[in-house]
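Trainee: Could you slot chain B onto chain A? The hints should help.
Residue numbers (the working numbering), protein chains in the order written: chain A, 22 to 251; chain B, 33 to 495.
Please keep in mind that the hints were generated in silico from the structure rather than gathered at the bench. Keep in mind it's a predicted model, so treat the numbers as computed, not measured. All C-beta atoms, glycine included, are put in the ideal place defined by N, C-alpha and C. Careful: at least some of the hints might be erroneous.
Not everything, but these chain A residues come out facing chain B in the computed CB check (under 7 Å) [what the hints assert, rightly or not]:
id	residue
1	LEU69
2	LYS73
3	ASP90
4	PHE104
5	ILE106
6	LEU109
7	PHE117
8	GLU120
9	ALA121
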Amino acid sequence: MIRIKNLQKSFGGKSALNLESLEIEQGECVGIVGNNGAGKTTLFKSILDLIKPDGGYVSVEGDLVSESDNWQNCLNAFIDESFLIEFLRPKEYLKFILEAKKSSFGVKELLSNYAEFSNSDIDESTKYIRDLSTGTKVRIGVLSLLAGDPKYMIMDEPFAHIDPTSQVRLRKLIRKQKEQGRSVIVSSHNLQNIAESCDRVVLIEEGKVKYDVAVNPESMKELDDYFKEE
Amino acid sequence: MNLFYLKHHYLSIVRSRSFGGEVIAFIILIVLAKQSIPAIHSSVDSFVERVSSFFGSGEANFKLFLLVYFSSDLAIKLFFKRPSPKMKYYLLWTNNVSSISGQYMITSLFGIVPFFMVACFLPIYSKTFEWLGSEYLLIIVGLWVSNFYTGLLFQYSTRKIQLAGILLLAAIASIVLFNIIPVVHFVDLLFTPTVVLILLALSVAGSFYSVRNYLKKRIVGQKKKFQFSIGRSWINFRNPLFQLEWALIARNKRTRSNLLMGMLSILILPFLLEKESPEILMLLIMMFCTSFFIIQHGVYSLGWEGTYFDFLVTNVSIREFLKSRYIFYVGTSIVGFVLFLIPTIVNKLDIGMLVSMLLYNVGITIPLVLYRSAFNSTKIELSENSFMNYNGMLTGPIMVTSLLVTLLPFIFYGLSQPFLADHAVYGLGAIGLIGLVLNSFFIRRISSFLSRKKYHLSQSFKS
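If we strip away everything but chain B, and leave its shape as in the complex, we get:
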């Protein structure tokens, strides 16, 4: 078997300009993770406790939680389709479609490897699930991969197969929901290694068959149109730059997975907080959750636009561009605030603190992120997933997160000295309010800085 597709995929990774930086970023992350093992240990246990408060403790309830989780995961994979494989060069050279299909399926799998790590992480670092044993790992990894390949199968199969699959899933869901087979029995049946292995084998074989058929059709020119099923992305904001931003997020893999990761952090991080949690931890989590999208997305404000940077700076005023980004991020910050209100109310946290962090983000975090975005001269590859993707990471999120993590406690402790801690929290909000009032000034300064940097950025994004 000639593994040229895999080899080329490997070369495209190691020969990318950002590979060196990515390796360094990866090493830093490993070291940080190793250093924070005790914290992770207690955080995971705390997370498990909170999950148990919804689903109850014990094996059956945990399996029920897994069932809900994997059903949602499957639904997402069916709904958010992967882009069509870019293999036209290979298809011109060879008719060995089966080989390419197999290699494509293997390279696609690289993208979900990090999930395995997360999946293994939870039980290993949690004492609660010691009773699950090694069988658990086999089941959870099997289901994950099975979901992944079922997603591929659906994307590349014909409409008839897709319809049959949806009917089958609907039938299974009905059987469970109408209690024809009690949920507990169904879960017990599903979470056995044999059933999972059968599911896995079926999904792998099915997706291989679909991908191969799809590629064969491409060879004989019967092109099939594949589009993301999220539909038209133009919404009614009149500003064309808003529309462009929305299309950028919705239609590209990297930006879309960034959004999903941000949403995930909002679902997980609030569970780490209690009323008695240290104030600084609460402040940091509230800040990161109400800016859940800004840091991951905003630091690449120009990197996303790398492929059409020249067009943008010759047709749109830089100040207008930054202003639209500012307003957009304020919008996402408000969305984060609204989502965080639920755990704040449930856990009886301080709403005033949350409001302060919203103001702090709007006044300080967003201008800071926009300013840092001018330092990222790496064009971000939009078609790559963001999981375990270090493209632009060193100049991007790591730098900004470090800045924010250092800045916030620094200001907080500075304000705590002359005032009470409670007042210091509101002081942060007041600083944010001042930043909000000065936003035009900030944007003017950043645009003038960016005007000076644009020659360098234009060259860097080209190379």
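Isolated chain A, as found in the complex:
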């Protein structure tokens, strides 16, 4: 379980995150929504111990992320392009992460298991990652999350830069992870993508949890109305 308690973070005196409590069980698919600057990325970075919170804590499987590296064995994340190594080719990057995470399978197996999402372009690409399109980079980042059989996967706005076909395939990929007992925490500005891939949705505004509801037509309508009013 990922447990977040009294997590606070402010930048230049302005509060960016003030979460009283948030718990995510293994096997849950959680969609995080909110306007720009709501605190979604700050939340993800706190979970990944990339920023030092002013107060509170994050624990993964009982270990505080700030005190132990154990969470790295069960949690993978793709936040942005800084999670890619630009001077490697896609397959070399995937090979690196699979070896670093001591995966039981290789690149070939990974790409064939997710052939639909990886498409032939990743398999055949001889270009370095820095020369690829943003959409392809995102797909490589998402595939890298599968390294090492993680329990939790975090994706920050993965739908934003990929084409509609890939969006559909990503939704399928997320659902497949849930079937395999993994947790996926994904943020998006598109409610439809969240509705079709997650079973719980958390709305964050001004660093606080505003709604935390199960995904169903009523809750999605309620959220839709909320954004219209905003």
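Mentor: Okay, now just chain B, sitting in the frame of chain A:
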């Protein structure tokens, strides 16, 4: 002519976050250079004397040396290709390809300006070549620029032109090697201002034509794949972090030129040493040569990784990362040691001293460099050349070099007081050995320090 590309290049330099530091570093370097003119004077003469021992003295032999040098320089420029120009924004806005090509060629030239300074430095500060006069400067600068533009021409030209060029160069080399035209005559012919100017004009015109054609193709979408010709960089070390390090060095301009600069120092510095040289000078040169790559590269251990720092610290244990770096640098130190063995044997220097310096580097220098690397919060731009590049310089090599230059004599003199100087040299080796034994402890301490710094580094590398 609208000089927007040049203007933007200028702005990217003056508006970079490290510009202030770079200016200060540059001023410090100028002051240091001015202060050390007498030392440079004698060092250059000593270097020239040693070169003369291989090629012989006199104008003809010196020109032969230049021929070998410029041929190697040309070979390197043909082999190590420059990355493709990043001009997609400009190409979207304008069809004035000739203007962009010209401006690209000018900005590219900035990178080799420092070489001119070095080229001019040698004859000015050496009495040996007073007879060469101002004509020499014209020839040497002309050849340098000609080599540079020939490199550009080859990179952006079609395969057929590349093949024709290689055949032409091979034909010229054969004519010289098989003595069809005696080397002396060939050298005399080449080192005349008229011939050099013709070469220069041909290379400039050829490269302009190639770059323009290349950019035109980019506009109509006929993308041509350009890759570095050094081939696949994955070698058989099983550790993925080793493989990553090797790819980092081989595939990025800044790291690659760092390696070349390090290699250059190994080729030049040993010539300054003689059997009678002061011990402290020998120690310093041996230390810098056996750590030739560690200082320049190691101080940016995290800065290189700046673009994917978040990925690294969320997927790889910091301790594991530092350990792999430590082992990697030990490897490069051993390479430096092996290379330095040749001048040590030739000049009959003390091999024991060299071994001591290797141990000192492995035990003290590498942990010190890794520790200092955590202080560099500047992301190092991998696509920029390292020549005259002050990005991260203040927190990087200048600081570490100053530390090492201060520390080594301090320890040496400390050990010389109770013991003999010879014993003090071995004492340094013993200290290195102790450092080697304690390397796990050092790495543990540095990783815990780095764990505390990672939040700051993550933010800094982002901005």
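Trainee: State for each hint whether it applies.
Mentor: Consistency of the hints with the structure:
no. : hint   : in the structure
1   : LEU69  : holds, 5 Å
2   : LYS73  : holds, 4 Å
3   : ASP90  : holds, 5 Å
4   : PHE104 : holds, 4 Å
5   : ILE106 : holds, 5 Å
6   : LEU109 : holds, 6 Å
7   : PHE117 : holds, 5 Å
8   : GLU120 : holds, 4 Å
9   : ALA121 : holds, 5 Å
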